[in-house]
Amino acid sequence: MKVTWGWLGDWTGLPESPEALAQLLATRGLPVESLERGATFDPEIVVGLLLEVAPHPNADRLRLCRVDVGSGTRSIVCGASNVAAGQRVAVAQIGSRLPDGTKLRKAKIRGVESEGMICSERELGLSPESEGIWVLPGEPAVGARLADVMAAGDAVLDVEITSNRADCMSVRGLAREIAAARGQRLKPPLQVVARGKGTLPRVSIESPADCPRYMARVVTGLALGPSPDWLKRRLEATGFRSINNVVDVTNYVLREYGQPIHAFDAVKVGGNEIRVRRALAGESLTLLDGKKVALGPLVQVIADAAVPMALAGIMGGLASGVGPATTAVILESAQFDPKVTRAAARSLGVETDASVRFGQGVDPDGVALALDATARLLAEVAGGTVVEGGVDLWPGRTEPAAIRLRLSRARRVLGIDVTPEQAARALASLEIVARGDWVREGDDLVGTFVAPRFRRDLEIEEDLIEEVARGVGYDAIPAALGSASVVTLPEPPEIGFAATLVDRAVGLGFDEVIGPALVGAVPAEVREGIPDEAVWELANPKSRELRHLRVSLLPGLLAIAARNIRHGVGDVRVVEVGKVFLAAPPPLGSERVEAAFLLTGIPDAWDGPGAETDRYLELRGHVEALYEALGIDSWQGGSYHEACWAPGTGATWTGSAGRLGRMGEVAPSLARQMGLERPAWAAIVDLEHARLAAPSERRYREVPRFPASKRDLAVVARPDVTHQDLVLAIRAAGGGLLHSIRLFDVYKFRDGEHAGRRSLAYALEFRSTERTLTDREVEEALAAIVRALESKLGVTIRGGAEVQRA
Amino acid sequence: MEERIDSLGAEGQRAFQSAASTAELEAARVRFLGRKSELTQLLRGLRDLTPDIRGQVGARANDARERLEAAHAEALARLSGLVAATTRDVTLPGRRPPVGHRHLLTSVFREIETIFRGLGFSLAAGPDVEDEAHNFTALNIPEGHPAREESDTFYLQGGAVLRTHTSPVQVRTMERNPPPIRIICPGRCYRNEAIDATHHVEFHQVEGLYVDRGVSLADLKGTLDHFLKAFFGRKTEIRFCPSYYPFVEPGASVDIRCFFCGGKGCPVCGPLSGGWLEVLGAGMVHPNVFRAVGYDPEQWTGWAFGAGIERLVMLRHGVPDVRMFLESDLRMLRQF
Chain A
131 MKVTWGWLGD
141 WTGLPESPEA
151 LAQLLATRGL
161 PVESLERGAT
171 FDPEIVVGLL
181 LEVAPHPNAD
191 RLRLCRVDVG
201 SGTRSIVCGA
211 SNVAAGQRVA
221 VAQIGSRLPD
231 GTKLRKAKIR
241 GVESEGMICS
251 ERELGLSPES
261 EGIWVLPGEP
271 AVGARLADVM
281 AAGDAVLDVE
291 ITSNRADCMS
301 VRGLAREIAA
311 ARGQRLKPPL
321 QVVARGKGTL
331 PRVSIESPAD
341 CPRYMARVVT
351 GLALGPSPDW
361 LKRRLEATGF
371 RSINNVVDVT
381 NYVLREYGQP
391 IHAFDAVKVG
401 GNEIRVRRAL
411 AGESLTLLDG
421 KKVALGPLVQ
431 VIADAAVPMA
441 LAGIMGGLAS
451 GVGPATTAVI
461 LESAQFDPKV
471 TRAAARSLGV
481 ETDASVRFGQ
491 GVDPDGVALA
501 LDATARLLAE
511 VAGGTVVEGG
521 VDLWPGRTEP
531 AAIRLRLSRA
541 RRVLGIDVTP
551 EQAARALASL
561 EIVARGDWVR
571 EGDDLVGTFV
581 APRFRRDLEI
591 EEDLIEEVAR
601 GVGYDAIPAA
611 LGSASVVTLP
621 EPPEIGFAAT
631 LVDRAVGLGF
641 DEVIGPALVG
651 AVPAEVREGI
661 PDEAVWELAN
671 PKSRELRHLR
681 VSLLPGLLAI
691 AARNIRHGVG
701 DVRVVEVGKV
711 FLAAPPPLGS
721 ERVEAAFLLT
731 GIPDAWDGPG
741 AETDRYLELR
751 GHVEALYEAL
761 GIDSWQGGSY
771 HEACWAPGTG
781 ATWTGSAGRL
791 GRMGEVAPSL
801 ARQMGLERPA
811 WAAIVDLEHA
821 RLAAPSERRY
831 REVPRFPASK
841 RDLAVVARPD
851 VTHQDLVLAI
861 RAAGGGLLHS
871 IRLFDVYKFR
881 DGEHAGRRSL
891 AYALEFRSTE
901 RTLTDREVEE
911 ALAAIVRALE
921 SKLGVTIRGG
931 AEVQRA
Chain B
-1 MEERIDSLGA
9 EGQRAFQSAA
19 STAELEAARV
29 RFLGRKSELT
39 QLLRGLRDLT
49 PDIRGQVGAR
59 ANDARERLEA
69 AHAEALARLS
79 GLVAATTRDV
89 TLPGRRPPVG
99 HRHLLTSVFR
109 EIETIFRGLG
119 FSLAAGPDVE
129 DEAHNFTALN
139 IPEGHPAREE
149 SDTFYLQGGA
159 VLRTHTSPVQ
169 VRTMERNPPP
179 IRIICPGRCY
189 RNEAIDATHH
199 VEFHQVEGLY
209 VDRGVSLADL
219 KGTLDHFLKA
229 FFGRKTEIRF
239 CPSYYPFVEP
249 GASVDIRCFF
259 CGGKGCPVCG
269 PLSGGWLEVL
279 GAGMVHPNVF
289 RAVGYDPEQW
299 TGWAFGAGIE
309 RLVMLRHGVP
319 DVRMFLESDL
329 RMLRQF
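One line per chain: the protein sequences are A and B, in this order.
So for the first sequence, this note's numbering puts the first residue at 131; every next one is plus one.
So for the second sequence, this note's numbering puts the first residue at -1; every next one is plus one.
Among the clues, some could well be false.
Claimed, not checked - If you want a taste of the chain A side facing chain B, the calculated C-beta under 8 Å gives, among others:
#: 1; residue: L428
#: 2; residue: V636
#: 3; residue: E721
#: 4; residue: E754
As the list claims (entries may be wrong) - A short list of chain B residues far from chain A (calculated; beta carbon distances all over 10 Å):
#: 5; residue: R27
#: 6; residue: R94
#: 7; residue: F323
Rather than coming from a laboratory, the hints here were simulated on the basis of the structure.
Since the model is a prediction, treat every value here as computed from it, not as a measurement.
Quick reminder that beta carbons are idealized off the backbone N, C-alpha and C, glycines included.
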């Protein structure tokens, strides 16, 4: 909320500067977001009227001016070429200080005494450059202080008001908080003089719950016209446009008191009668902005004897509004129910400053103050006469509830001892009144307090405790770190596992990335088997690009890779661990944590991997190394197809708890959709299955004490025989002595008798935990393997049955 | 004498290494290892010394002699062509394996986790897709409260919401466990905001919750003082200012003294703060929150705090734009 320094100053004393005020407000929980400093002019800089401009007797370029400064006439030497009689100008009188600190002294300029200075905007610190003197706009009063007439002289503060402190959403409300912080009281409002003769409207309220208080006054003899400068300036500084004096006054009072005021043209109020009631079905109203709305019993209206004139607390109607011919107004100041007002505003799609205020709830006591202020101001700026007396119906008057405050509770919550005097003083400064004395209850002292009506946020004991804390200052509460009890709650196991996985992946050279969960379109390639209704879609998306919750990490990872490659990153090897979402089952759907790996880009020519490296196998190796690092030591490979992979490249790993992961070369159509024009290889690991397959605790396994016997075995196999087929067959036939099988070469015959077949060479290791194996034992095991391979898989052992001894 | 031995050894080695011909090498050999060389003379003179000094100096001189002989042999081999001069360019860069980096947000979260684990906190987590009961109602944000407006919250089909803070994790934890409670919950949050350098629709929070008998605002202050000192440096000064969050009462915003200017005022902390930077929000758990999870607010008190991880990181590491985190710009991530 924007307020000006001078406006606050109408209501309370202020600290030495707007900056100091900002700091004070921060400690009260009302931080200032921005400050337009404005220049603070010395009070001796005043508005002058140039009466006469004559040449300087001793200098061609200088002028000798006679200036009326209100308190007299001054003779001033001026060097500007734009100076002319009839102008209103800023005159720095002798003894005044310019914003840059220069103090004006009486001086002779080329032999002629100058009794002051006519200022330029630059000299007043208003602009870095200026040509000639500043000719003041409008017709400010001669002799007035410049600070009082020019907006630039008043600092504008934009204060952040938390939603619980609606009472601070006005100049007077904020001033009240400032006064409390400085141990002062608000200045009283100026009194309205109401001596005019006239008739007051008859007012009726249908439902006290909908409209707890309704007040009205009548002002006659108005002359619609522009507002005076001071009023325009304050409105403009705080975000209102000046319209005319009557409208401006109601807006001014809204800013000053936080109370919306409505003015009806008195002659247009049929029967001089005001009925506050629910609208009837079939009624309608053309609003001030020309929009016509259909009404119904959800909407509360202000009607005359016959028809609705205004939407209560929202907006006035066109017909009963103030116009150029208006001379008398009925001013309405009321309290409307927040819920009723909000519901009506929402149902009609009309939100205004007034509906927001009434929607938050207004201070019923402020209703009266604001009405008087409006009447007084109309008399001042629009030449009106305030009619004697007024209407005040307050059928919904409630007394604020009493709140108990136990000092023991304050101590428990704040951690400090608060004396009854401290508590009472802090509360009294905020007009929170003690009802009776403190009462002793056992060891405790208990007070009863009544909050003022404008503090609707104060409801329970803790609310008072916070006010006490604000009163003594949060700084007075010590930082104590003592009462730590150790509380161990079971933790979700996936968090620690995900952290380990990230660490291992980083150790393997992957950069961890984090991408957004909200995405635009979900590519068809990653939603196989996911029906449309299982993809979460926002009911109120921000844009087409932020519309769905991701169902796979892959598209986001591709987009990140593409962006980084565009930024000139060469080698992209990234991992993301994050949630993917499905809308089923209702109501909250399901969330799963995935880890996705992506390899793309151009490896560094020097650091590698070399150009010959098969990046598919590189990624596969990384993921398998990761499984092993996580303690997962067995899985089954398999091929499968999913639309996100290029044909023939999809592969899975299946572990003890289900599918551990899948990988492939990314389908070019998917990569291109995400902006990536290069081949990419990706793997997706299901974190839950990996976690279940990994040992929850690790036990020592004996390291071998006896040497291994190594044999190499090279086979020629038909193209349909996979590595996995061979490994399973070797393992099955190898018996208990076969310790490990490692592939060390693959070769595809292009021609010759084996054309189309592959040669695969394995290093086998045999060992026993109990003894050194004999050659015979090893040869027997190997022979069994060879027999099994030949009979089951139809492979031939390379070079006949030759088996190399490693 | 020992210094002389050392310098003879060094001089000799240099002479052998720099010898450009066998003749030069032979001359150097005579000079440093010959019968009349200084070192040989010196060894001969040992017998005049007292036994304990003799042993010490003798060992040193013999040592020097052995090294000189080795250097001579090496030089001789080089000059007679037995060893080819090395052709390796020792200034070539090494072949570096890729070095992975944890995302900066992950690293910082781990750091925060470590700090709080040291204080006896456990980790808790919950779903990103929440119901209004956990995200709002149980947190004393009743229907009609401005925080529930569509302008702040993303709604999904069927009335689910994307959590706007990690506070529902607190609620879920309290629903499942009786007090005392001492947790931190990290996680992603979503707000329907305009995206700019300091705002994003997706961001990360870490919240803390401590419920026990006799937990007070002073304890909150002590804990956060410890945390912020551990995170921002030992000299960090903190300040509590009143603030408002529906789920705490009293509520506080927590500032640290600006570490860029030491509180004198600078563009980072601005002219209005008096040299303070807001880093997080906190307060004493509102009795209505306790009632919603079935805790008796007369018996238990508790505090909670919530911090935006991105903001903490941006302040501490000078990252200028919050969008960089989810864009995962490797040029930035590889710096950390």
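Does the CB of V636 (chain A) sit less than 8 Å away from some CB of chain B?
-> This interface hint holds because 4 Å falls under the 8 Å limit.
Does the nearest C-beta of chain B fall within a distance shorter than 8 Å of the C-beta of E721 (chain A)?
-> 5 Å, holds
Against chain B, run the beta carbon of L428 (chain A) and see if the smallest gap drops under 8 Å.
-> With Cβ-Cβ at 15 Å, over 8 Å, it is violated.
Over 10 Å to the closest beta carbon of chain A is the bar; see if R94 (chain B) clears it.
-> Given a closest Cβ separation of 5 Å, the condition is violated.
Supplied contact hint for E754 (chain A), tested at 8 Å Cβ to chain B | The hint is violated - E754 (chain A) has no Cβ within 8 Å of chain B, the shortest such distance being about 17 Å.
Would R27 (chain B) pass as off the interface with chain A, using Cβ distances and a cut of 10 Å?
-> Since the minimum Cβ distance to chain A is about 44 Å, R27 (chain B) lies beyond 10 Å and the statement holds.
Non-interface claim for F323 (chain B): all C-beta distances to chain A beyond 10 Å?
-> About 7 Å separates F323 (chain B) from the closest Cβ of chain A, which leaves it inside 10 Å; violated.
Hints 1, 4, 6 and 7, counting from the list given before, are not met by this structure.
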